[in-house]
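Enquirer: Numbering (our numbering), first residue to last: 1 to 419.
Fair warning: there could be bad hints in the mix.
[Stated by the list, open to error] Below, computed lysine-lysine pairings styled on DSSO-like, alpha-carbon distance capped at 27 Å:
{"hint": "1", "residue 1": "239", "residue 2": "252"}
{"hint": "2", "residue 1": "194", "residue 2": "252"}
{"hint": "3", "residue 1": "363", "residue 2": "413"}
{"hint": "4", "residue 1": "175", "residue 2": "194"}
{"hint": "5", "residue 1": "185", "residue 2": "175"}
{"hint": "6", "residue 1": "117", "residue 2": "62"}
{"hint": "7", "residue 1": "24", "residue 2": "175"}
{"hint": "8", "residue 1": "413", "residue 2": "371"}
{"hint": "9", "residue 1": "252", "residue 2": "117"}
{"hint": "10", "residue 1": "239", "residue 2": "154"}
{"hint": "11", "residue 1": "175", "residue 2": "62"}
{"hint": "12", "residue 1": "24", "residue 2": "9"}
{"hint": "13", "residue 1": "93", "residue 2": "371"}
{"hint": "14", "residue 1": "154", "residue 2": "24"}
{"hint": "15", "residue 1": "9", "residue 2": "117"}
{"hint": "16", "residue 1": "175", "residue 2": "252"}
Hint data in this document are derived by calculation from the structure and do not stem from the laboratory.
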Amino acid sequence: MITKIRGFKDILPGEVALWQHIEKTAADLFEDFGFRQIRVPLMERTELFARSIGEETDIVEKEMYTFVDRNEELLTLRPEATASIVRAYIEHKLYNTEPVQKLYTIGPMFRRERPQKGRYRQFYQIDAEVFGVDSPLVDAQVIFMLSTLFSRLKVADIHAHINSLGCARCRPGFKQSLLELLESKSEMLCPDCKRRSRANPLRVLDCKAEGCRQAMTDAPSIVDHLCSDCREHFQAVQKSLRDLGVEFVIDKRLVRGLDYYTRTTFEIQTTLLGAQNAVAGGGRYDGLVKALGGPDQPAIGFAVGFDRLAEVVSLQAADFVHPPHVFIAALGPEAQVRAARWVCNLAVDGIRAEMDFSDRSLKSQMKRADKSGAEYVLIVGEQEIAQNAAMLRNMTTHGQESVPLSQLPENLKSMIILR
RNA sequence: GUGGGUGUAGCUCAGUUGGCAGAGCACCGGGUUGUGGCCCCGGUUGUCGAGGGUUCAAGCCCCUUCACUCACCCCA
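Please model the entire structure based on the sequences and the hints provided.
Expert: In structure tokens, the structure reads:
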């Protein structure tokens, strides 16, 4: 047997209905907020991700699906969507017609990590980005939109965490004082954090090891080191969130793993997913557009982990099955032929009709009809054909009535549509 | 990449000290002519994850390997 590759998954028909429901809810909501859908390639030049996500990050260093194309170009299956959207924004000069662009996209991403609950090597994200606005009101609006998405999907157990990472002016100073502290306490740190001290010092703040926690008790807080602009910005985000009635907590340990983030970062967490508690995350990335060769435009965006969201939403156990409107039990070759024709006639008018092509006993066809969940069963056999009238049985009321064959399937359509 | 757990029927799982591979559910058929659900009767379903070893004999013991899963790292 040939099986799917590790960390990949099939989304079976029963699940697809749920996925479409989530997709539609998100798309409708985002469109109401003025976002427009963009579709970008699944593959890009490796350089795009290396430059935007950061050469030193785990994603770029060891988690990307990268290969050499026949013309010796290095290509990568996208590990996230933001870089591609920024590339498209620049490449098509979208800022020329309208600098403020609100874009969203939905699709698969690829990261070669060890799979676990809520984490796949091909995973799906709903991604939204706003270009060209640096107002803190937009930060709050984006978080509000995200929290509305969760309430529309009836996901209760979620918490918004926010933080600020400062900007190119104030972050270096903070990083420096943090580095000095890490240097002085380096013997207390776990091996991972000794490594992190170099690669990503902010991460040490988030370590769970006892020694590291102690070493970090008097660590400087990013929020205290923000420059006045960043501090005002962060204050304004909080004020606006309160205005909008969005509950949140300030999480000083919320340090995102991608290099491009500046100022506001946020995450939506849930306790329903085990260790993978983040179901959405994002933040501001004011320097990225320029760094990738575009104009100096600010931007903010987020990604929703679709697989994780689907898992949480499915816990609310909605019923997404679509039973046929009518099941046709056809007995004998002549009835089978007619039934097959009706099924097609009904389908083009949007009425789902199902039949049993094996011409089995009425009893077994009734069993199948029952299992299909169809409300009506149309029974057609030699007798009915001889009498020019089929039996229409209502499976819930158990009532049966005779329907002249000459009026089928038009009659059936009106009867089913009426009820 | 590191560590733990689990692999037996379509699904959920039993399987004793090594001795003919099992149950429930599902599926199929029947319970007097062509009427579903509930009930009753009967039937089908297996590379015991794969490969090797020990043994008269392996689902069970040993080695190797793969997959799934949870956690770490990291992240949506």
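Enquirer: The structure should be examined with respect to each hint, and the outcome stated for every one.
Expert: Going through the hints against the structure:
{"no.": "1", "hint": "239 / 252", "verdict": "holds, 18 Å"}
{"no.": "2", "hint": "194 / 252", "verdict": "holds, 21 Å"}
{"no.": "3", "hint": "363 / 413", "verdict": "holds, 25 Å"}
{"no.": "4", "hint": "175 / 194", "verdict": "holds, 15 Å"}
{"no.": "5", "hint": "185 / 175", "verdict": "holds, 15 Å"}
{"no.": "6", "hint": "117 / 62", "verdict": "holds, 20 Å"}
{"no.": "7", "hint": "24 / 175", "verdict": "violated, 42 Å"}
{"no.": "8", "hint": "413 / 371", "verdict": "holds, 22 Å"}
{"no.": "9", "hint": "252 / 117", "verdict": "holds, 26 Å"}
{"no.": "10", "hint": "239 / 154", "verdict": "holds, 26 Å"}
{"no.": "11", "hint": "175 / 62", "verdict": "holds, 25 Å"}
{"no.": "12", "hint": "24 / 9", "verdict": "holds, 21 Å"}
{"no.": "13", "hint": "93 / 371", "verdict": "violated, 56 Å"}
{"no.": "14", "hint": "154 / 24", "verdict": "holds, 14 Å"}
{"no.": "15", "hint": "9 / 117", "verdict": "holds, 12 Å"}
{"no.": "16", "hint": "175 / 252", "verdict": "holds, 14 Å"}
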